[in-house]
Each structure stands twice: as structure tokens, then as C-alpha cells.
Amino acid sequence: LAKTTQPISMDSYEGQEVNITCSHNNIATNDYITWYQQFPSQGPRFIIQGYKTKVTNEVASLFIPADRKSSTLSLPRVSLSDTAVYYCLVGSGTASKLTFGTGTRLQVTL
Amino acid sequence: NAGVTQTPKFRVLKTGQSMTLLCAQDMNHEYMYWYRQDPGMGLRLIHYSVGEGTTAKGEVPDGYNVSRLKKQNFLLGLESAAPSQTSVYFCASSYPPRRDNQPQHFGDGTRLSIL
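Chains as they are written, first to last, in my numbering: chain P, 3 to 112; chain V, 57 to 171.
Since the hints were derived computationally from the structure, they do not count as laboratory data.
Just so we're clear, the structure is a prediction, and the values are computed from it rather than from any experiment.
Built from N, CA and C at the ideal position, the CB exists for glycine as well.
Some hints could be false.
The calculated DSBU-like cross-link candidates involving lysine-lysine, where the alpha carbons are at most 35 Å apart (straight line), are [as the list claims (entries may be wrong)]:
no., chain 1, residue 1, chain 2, residue 2
1, V, K127, P, K5
2, V, K127, V, K70
3, P, K71, P, K56
4, V, K113, P, K54
5, P, K5, P, K56
6, V, K70, V, K113
7, V, K126, V, K65
8, P, K71, P, K5
9, V, K127, V, K65
10, V, K113, V, K65
11, V, K70, V, K126
12, V, K126, V, K113
13, P, K54, P, K71
14, V, K70, P, K56
15, V, K127, V, K113
16, V, K126, P, K5
17, V, K126, P, K71
18, P, K54, V, K70
Residues of chain P clear of chain V, computed beta-carbon distances all greater than 10 Å [as the list claims (entries may be wrong)]:
no., residue
19, P9
20, S14
21, R47
22, L82
23, L112
Using the sequences and the accompanying hints, generate a full structural model.
Below, the structure written as C-alpha cells:
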């Protein structure tokens, strides 16, 4: 069961690019890396998932180096509405083995 | 499209009382999950179901029971509530994980306080 380590909190100004790094030294060969976003009083929401290299969608990019022992979620030009907790999950195809850590609390200010 | 709906949204119980939390999804997902989230902690998996009529234990199953009689519903029961079960409970659903992890769709939670 791959354990993940993320910074507890980060601060950013509106309009900046934010990069949140997740360490997962024990990632298994079949494991995927998945990121979720959670606003207060809401359930988590899927943002992006990747296996290796780079993945980009309409809201974020995910960078995964060749050794896959870490990953970086990149949020371009954040706004106040991006203030949330971001969770990095590592696992593969088994419902019981996806573990949400404590996440990274991102605070965006003007 | 409602997605994942949890009822009730809030509840206060006394120690020893029982109750059932209901989760309903309209996305025809095979997999459903119950998590609890405590202050300063991430989500911990209580029980999950890979299909109608099946359930399995997650990370913290003690004190809870579940049932999946219909594909769209997943019930979480507390037989004898304890203060340690005060938490926010989230239900989620997804398609079956294959090689990758199918995104889980979450409800907005049930805030449960046990006095």
C-alpha cells in the first residue's frame, strides 16, 4: 500500500501558478496517481489522473518523473475559488487500497 | 442529474442509539463506498461494495454495517452509536476500477454528532 506525503498547507496569490508535490516512494508498478479537490462542506471531486510523464486537462496538469516516486499537480493561474484541500492518491484497480492522506490545504488570496 | 445523494445531511444521536445513512446514485455505477472524515484527517474507507448484493470491509469497519440491496443504493448502519463515531460521512460511487482508478463521485456528506 503506497503511502503518500504532501505538504500540509500552501499559500498563493491569485493569478499565480501553484505546484503541489506528492511523494510516493513505494509506488507499485501498476499504481496510478490520482488527485482530488475538496471544498468545505463538500465531497472530494476528481481532478486528474496519470501513470507516467505528463497529463493535462482543462483544469490542471500532472507531472510524473521517470522513477514515479513523486508527482506534481500544477494549477495554472489560480483564483480565489481554487482555495481547497487537494489529495494525492496512489493505487491501482482495487477499491480497498486507495487511501486519502491528510491532503494539502491551498489558500489563495488577492 | 443528481449524481450521489446522501440523506440525512445532519443528525444528532445519543450514545447507544441506532440509525441508517442512505446513499443513492443515479449514474448506474457498480462500485459504491462509505468513508468517514475526521477533523485534520483525510477520508478513511469504512466499507465498500462492488455490486448489488455484495459488501466488503475497508480500513475502519468496526461499529458499522452496510447493505446493498439495490444497485443504486448503499446503506450505512450504526447499530449502537458511540461518541467516537462523530464524524462527517461521505458516500461515493464509481465504475469498476480496471488498470486505472475510475474517478469516484462523492456526495456532500452527512454530519453526524453523537452525544
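Cross-check of the supplied hints:
1. K127(V) / K5(P): holds, 32 Å
2. K127(V) / K70(V): holds, 31 Å
3. K71(P) / K56(P): Given pair K71(P), K56(P) holds - Cα atoms ~14 Å apart, limit 35 Å.
4. K113(V) / K54(P): holds, 31 Å
5. K5(P) / K56(P): Holds, because 21 Å separates the two Cα atoms, which is no more than 35 Å.
6. K70(V) / K113(V): Status holds; Cα separation ~25 Å.
7. K126(V) / K65(V): Holds, at about 21 Å.
8. K71(P) / K5(P): With Cα atoms ~11 Å apart, K71(P) and K5(P) stay inside 35 Å; holds.
9. K127(V) / K65(V): holds, 22 Å
10. K113(V) / K65(V): holds, 24 Å
11. K70(V) / K126(V): holds, 29 Å
12. K126(V) / K113(V): Given that 35 Å is the threshold and the Cα spacing comes to 18 Å, the pair holds.
13. K54(P) / K71(P): Roughly 10 Å between the alpha carbons, so the hint for K54(P) and K71(P) holds.
14. K70(V) / K56(P): Between K70(V) and K56(P) the Cα gap is close to 50 Å, so the pair fails against 35 Å, i.e. violated.
15. K127(V) / K113(V): holds, 18 Å
16. K126(V) / K5(P): holds, 34 Å
17. K126(V) / K71(P): violated, 40 Å
18. K54(P) / K70(V): violated, 49 Å
19. P9: holds, 14 Å
20. S14: Non-interface label on S14(P) holds, nearest chain V Cβ at 21 Å vs cutoff 10 Å.
21. R47: Check fails; 7 Å does not lie beyond 10 Å.
22. L82: Label holds. Min Cβ-Cβ 21 Å, cutoff 10 Å.
23. L112: Holds, because the least Cβ-Cβ distance between L112(P) and chain V comes to about 27 Å, which exceeds 10 Å.
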